[in-house]
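Colleague: Residue strings, one per chain:
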Amino acid sequence: GAGVSQSPSNKVTEKGKDVELRCDPISGHTALYWYRQRLGQGLEFLIYFQGNSAPDKSGLPSDRFSAERTGESVSTLTIQRTQQEDSAVYLCASSPGTGFTGELFFGEGSRLTVL
Amino acid sequence: DQQVKQNSPSLSVQEGRISILNCDYTNSMFDYFLWYKKYPAEGPTFLISISSIKDKNEDGRFTVFLNKSAKHLSLHIVPSQPGDSAVYFCAAILGGNEKLTFGTGTRLTIIP
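So the protein sequences, as listed, match chains U and B. Counting along the first sequence from 1, when you hit position 54 you're at 54 in my numbering, and nothing is skipped either side. One gets my numbering by counting positions in the second sequence from 1 and adding 115 to each.
Watch out, some of these pointers could steer you wrong.
Calculated lysine to aspartate or glutamate pairs in the EDC-like style (CA-CA distance at most 16 Å, straight line) [as the list claims (entries may be wrong)]:
no.: 1; chain 1: B; residue 1: K120; chain 2: U; residue 2: E44
no.: 2; chain 1: U; residue 1: K15; chain 2: U; residue 2: E85
no.: 3; chain 1: U; residue 1: K57; chain 2: U; residue 2: E68
no.: 4; chain 1: B; residue 1: K152; chain 2: U; residue 2: E103
no.: 5; chain 1: B; residue 1: K152; chain 2: U; residue 2: E108
no.: 6; chain 1: B; residue 1: K214; chain 2: B; residue 2: D170
no.: 7; chain 1: B; residue 1: K214; chain 2: U; residue 2: E44
no.: 8; chain 1: B; residue 1: K152; chain 2: B; residue 2: D174
no.: 9; chain 1: U; residue 1: K57; chain 2: B; residue 2: E213
no.: 10; chain 1: B; residue 1: K186; chain 2: B; residue 2: D174
no.: 11; chain 1: B; residue 1: K214; chain 2: U; residue 2: D56
no.: 12; chain 1: B; residue 1: K169; chain 2: B; residue 2: D146
no.: 13; chain 1: U; residue 1: K11; chain 2: U; residue 2: D56
no.: 14; chain 1: B; residue 1: K214; chain 2: U; residue 2: D63
Bear in mind the hints are in silico, worked out from the structure with no lab data behind them.
Same shape as in the complex, but just chain B (with noise of 0.2 Å):
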């Protein structure tokens, strides 16, 4: 039964334009969403996170957008460049509990 979904396992993006990738949930009783970034032997790093009880975070180039009637949330890179390829895992946290629940991952090729 998987929570968390990210449908697209794959995503090439020309450097300079915007990466959109996207997740999404079942568990409505989630209230805490983050993303991390993987790359290649290395461990997944924490970049940005969003609370239920907010739509939208912002930190430099990265934002992510909350759509909780929809159980949807994306992750926009603007402008992408050729340092954000890698694998990119949203999360979800139940409240009250300090376990994550991760989805499956895409794979953000940026194109010089």
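Looking at chain U on its own, in the form it has when it is part of the complex (with noise of 0.2 Å):
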């Protein structure tokens, strides 16, 4: 596709269950981003992936979030047993990798919300 995909758009779920939010980044980008957007708030780092290397974890707010992403295709977002602080805006961006400018192109993002 010409850009990066998020889906679903929107997601209501219940305290406690698990969610997963797809990512699909733009042909040809080896780096790939997760950011989250609280209500209020500016954007979270969660995590980042480049290439093969190891992803910078650094962002993942506790171990119920985990992200894979199977060589330089699609991720996934899981978050397991949610809870209400979770609802946010999740975004995934996506960078050719080479030549980094700092321009990231951004999904429209997932809306979570968990009552």
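Put the two chains together into one complex; each comes in its own frame, and the hints tell you how they fit.
Modeller: Below is the structure:
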């Protein structure tokens, strides 16, 4: 596709359930990022993948959060035993990974609501 | 620990006037700075950037100024247009690192 694609666009779940969010980066982009934006907050870094290197997981808020990426393609962010404070818009971004300019290409986000 | 701060959550400016958005940072090791713009229900999009070796970068109606001694950068938009109404995020990068640290955003409203 032309841009970063995320699904689902909206997800409402009950506290304690697991959720999976999907990101399809721009074809050929080796770097992939997950950020989240909670209500009234800025963009909070979660995790960064670059090619086959070990991911930078320094932003994951707890061990309930995990993410995977297969090669240089799709990534899934999994939140186990969701809590109300997990409610946020989860944004995925990709970048070419070479000649890094700081320009990330963001998807439209997945809005997660935990009841 | 908020390393990149945008202390004004909102700003209203008359159409045609100058909009000035401010951003402060605490980590003197940041060496590259960017501004992103975000419309509702869309992802942020890159607007303009500046390297720490410069103090100004201009692109059309947008100019970013960097004051390293004050650890402060600003985005000037002139003249402001209704389509500029959006949330603006500043972001910073540590040298050799490809992770962006974002501020909390400023909602800019351009009044026709």
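Colleague: Indicate, hint by hint, whether the structure satisfies it.
Modeller: Now the hints, each set against the structure:
For the given pair, K120 (chain B) sits about 13 Å from E44 (chain U) by alpha-carbon distance, which is consistent with the 16 Å threshold. A distance of roughly 10 Å separates the Cα atoms of K15 (chain U) and E85 (chain U); the hinted pair therefore holds under the 16 Å criterion. Restraint check for K57 (chain U) and E68 (chain U): the C-alpha separation of about 11 Å stays at or below 16 Å, so the hint holds. Using a Cα cut-off of 16 Å, the hinted pair K152 (chain B) and E103 (chain U) holds, with the two alpha carbons roughly 12 Å apart.
Under the criterion of a C-alpha separation no larger than 16 Å, the hint pairing K152 (chain B) with E108 (chain U) is consistent with the structure, at around 13 Å. For the suggested pair K214 (chain B) and D170 (chain B), the alpha carbons sit about 22 Å apart, so the restraint of at most 16 Å is broken. Pair hint K214 (chain B) plus E44 (chain U) holds up; C-alpha atoms about 11 Å apart against a cutoff of 16 Å. For the hint linking K152 (chain B) to D174 (chain B), the alpha-carbon distance of about 14 Å falls within 16 Å, and the restraint holds.
Between the alpha carbons of K57 (chain U) and E213 (chain B) the distance comes to roughly 13 Å, so the proposed pair stays at or under 16 Å and holds. At roughly 22 Å between alpha-carbon atoms, K186 (chain B) and D174 (chain B) are farther apart than 16 Å, so this suggested pair is violated. Taken as a hint, the K214 (chain B) and D56 (chain U) pair is honoured in the structure, with Cα atoms around 9 Å apart against an allowance of 16 Å. At most 16 Å may separate the alpha-carbon atoms for a hinted pair to count; K169 (chain B) and D146 (chain B) meet this at roughly 10 Å.
At most 16 Å may separate the alpha-carbon atoms for a hinted pair to count; K11 (chain U) and D56 (chain U) exceed this at roughly 26 Å. Proposed proximity of K214 (chain B) and D63 (chain U) is contradicted: the alpha carbons are some 21 Å apart, above 16 Å.
Of the numbered hints given earlier, the model fails hints 6, 10, 13, 14; all others are met.
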